[in-house]
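S.K.: Chain X is fixed; fit chain R onto it per the hints.
There are 2 protein chains.
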Amino acid sequence: MTMAKRDTYTPESLLAVAVAVFNERGYDGTSMEHLSKAAGISKSSIYHHVRSKEELLRRAISRALDGLFAVLDEPGATTGPAVERLEHVTRRTVEVLIAELPYVTLLLRVRGNTDTERWAMERRREFDHRVAALLKEAAADGDLRADVDVRLATRLLFGMINSVVEWYRPQRGNAATSEEVADAVINTAFAGLRAH
Amino acid sequence: MTMAKRDTYTPESLLAVAVAVFNERGYDGTSMEHLSKAAGISKSSIYHHVRSKEELLRRAISRALDGLFAVLDEPGATTGPAVERLEHVTRRTVEVLIAELPYVTLLLRVRGNTDTERWAMERRREFDHRVAALLKEAAADGDLRADVDVRLATRLLFGMINSVVEWYRPQRGNAATSEEVADAVINTAFAGLRAH
Numbered sequence: 001m002t003m004a005k006r007d008t009y010t011p012e013s014l015l016a017v018a019v020a021v022f023n024e025r026g027y028d029g030t031s032m033e034h035l036s037k038a039a040g041i042s043k044s045s046i047y048h049h050v051r052s053k054e055e056l057l058r059r060a061i062s063r064a065l066d067g068l069f070a071v072l073d074e075p076g077a078t079t080g081p082a083v084e085r086l087e088h089v090t091r092r093t094v095e096v097l098i099a100e101l102p103y104v105t106l107l108l109r110v111r112g113n114t115d116t117e118r119w120a121m122e123r124r125r126e127f128d129h130r131v132a133a134l135l136k137e138a139a140a141d142g143d144l145r146a147d148v149d150v151r152l153a154t155r156l157l158f159g160m161i162n163s164v165v166e167w168y169r170p171q172r173g174n175a176a177t178s179e180e181v182a183d184a185v186i187n188t189a190f191a192g193l194r195a196h
Numbered sequence: 001m002t003m004a005k006r007d008t009y010t011p012e013s014l015l016a017v018a019v020a021v022f023n024e025r026g027y028d029g030t031s032m033e034h035l036s037k038a039a040g041i042s043k044s045s046i047y048h049h050v051r052s053k054e055e056l057l058r059r060a061i062s063r064a065l066d067g068l069f070a071v072l073d074e075p076g077a078t079t080g081p082a083v084e085r086l087e088h089v090t091r092r093t094v095e096v097l098i099a100e101l102p103y104v105t106l107l108l109r110v111r112g113n114t115d116t117e118r119w120a121m122e123r124r125r126e127f128d129h130r131v132a133a134l135l136k137e138a139a140a141d142g143d144l145r146a147d148v149d150v151r152l153a154t155r156l157l158f159g160m161i162n163s164v165v166e167w168y169r170p171q172r173g174n175a176a177t178s179e180e181v182a183d184a185v186i187n188t189a190f191a192g193l194r195a196h
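Protein chains in written order, with this note's numbering: chain X, 1 to 196; chain R, 1 to 196.
For reference, chain X alone in the conformation it holds in the complex:
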């Protein structure tokens, strides 16, 4: 057993450690023992901060969801033509995803075994529906191509956006900036790759 270090964690810094472990081992595969080892403090010290592993999950997921839902209330998401609000939401979703990478990664990986996970999935669906509604409105305005199937387009747009958590590694020297990735997503999804 390693010597436990002094507990100087804040709720935020302990959460960051927990999220890293959840993402590496999976939430189900993580025990309080694993968290205690990764944080270098005893289990009872962890229980001083939180009541349970699930509370850590709930806090981490709330952070991701708060970031994403805040985008929907920004002026760019609430005023102007639907297609521009849609582009704004797409751009800002990519930026939040990169700013909160480990938290959004965790959110996208939960599978619904606990109340917290089911709540997370429900809120994700709500977010997707809000974006789908924008797509539908933009299509009704005639600003999307006539042959766009709104349901499939929503899936593919999120497929593209969410894939960022699978490959974006900010620590790589040649990593694109958050803005460059957002530009690439906007350009690909809305303008298409083909020269016109």
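Simulated from the structure, these hints should not be mistaken for laboratory data.
Remember, it's a predicted structure, so these values are computed and weren't measured experimentally.
Heads up, a few of these hints could be off.
Copies of the same chain are indistinguishable here, so a pair counts whether it falls within one copy or spans any two.
[As the list claims (entries may be wrong)] Here are the simulated DMTMM-like cross-link-like pairs (lysine to aspartate or glutamate), alpha carbons at most 25 Å apart as the crow flies:
#	residue 1	residue 2
1	Lys53	Glu24
2	Lys136	Glu55
3	Lys136	Glu166
4	Lys37	Glu54
5	Lys136	Asp183
6	Lys53	Asp28
7	Lys37	Glu24
M.R.: Just chain R, lined up with the frame of chain X:
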């Protein structure tokens, strides 16, 4: 213990059972005991068909990779302008992904803990590089928008294509056909969602 049923499995039908269990529990989380229960035959019956769990993984992943790499040898992928070959490969990749859904799902989820998984990841990278080379060629021909970053575009294209395994459920009554999904991917990625 449930009564073992008579072993009437072919290599293919046993593989289908194993892949379903791998996708549900994760490859690491699956034991020969789990496979024996799911198949309803004894472990020694399974060992009559294959030497190990890893052999089942190798066969399943080979099936996915063979389907994907075959696309690169099709006439549509070897003749004509690069941008059309790229569109052909994109369309056919989506179709193979849907036709071989559980096998490609497994391929996309492996994380590299065994030799077979590392080999799978290496072959996936090789496939991605072949597609990236087509993108590069199409960009050099002036058939992609000038501001397309080939590396990011390849990531986003595969993000969109690979997301299909996360949401496509053929058993749903209202599921789009493989052709409709392929059309939606092609239209979104190459033409873009915006009306021009």
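S.K.: Confirm or reject each hint.
M.R.: Evaluation of the provided hints:
1. For the identical chains of this complex, Lys53 and Glu24 are neighbours both inside a copy (15 Å) and across copies (23 Å), given an alpha-carbon limit of 25 Å.
2. For the identical chains of this complex, Lys136 and Glu55 are neighbours neither inside a copy (36 Å) nor across copies (47 Å), given an alpha-carbon limit of 25 Å.
3. For the identical chains of this complex, Lys136 and Glu166 are inter-copy neighbours only, at 22 Å across copies versus 28 Å inside a copy, given an alpha-carbon limit of 25 Å.
4. Within a single copy, Lys37 and Glu54 get their C-alpha atoms as close as 18 Å, which meets the 25 Å cut-off; across copies the closest is 31 Å, which misses it.
5. For the homomeric pair Lys136 and Asp183, the shortest alpha-carbon distances inside one copy (22 Å) and between copies (19 Å) are both at most 25 Å.
6. In the homo-oligomer, the alpha carbons of Lys53 and Asp28 lie at most 25 Å apart both inside one protomer (10 Å) and across protomers (23 Å), since each shortest distance falls under that limit.
7. With identical chains, the CA atoms of Lys37 and Glu24 are at most 25 Å apart within one copy only, with a shortest distance of 14 Å there and 29 Å across copies.
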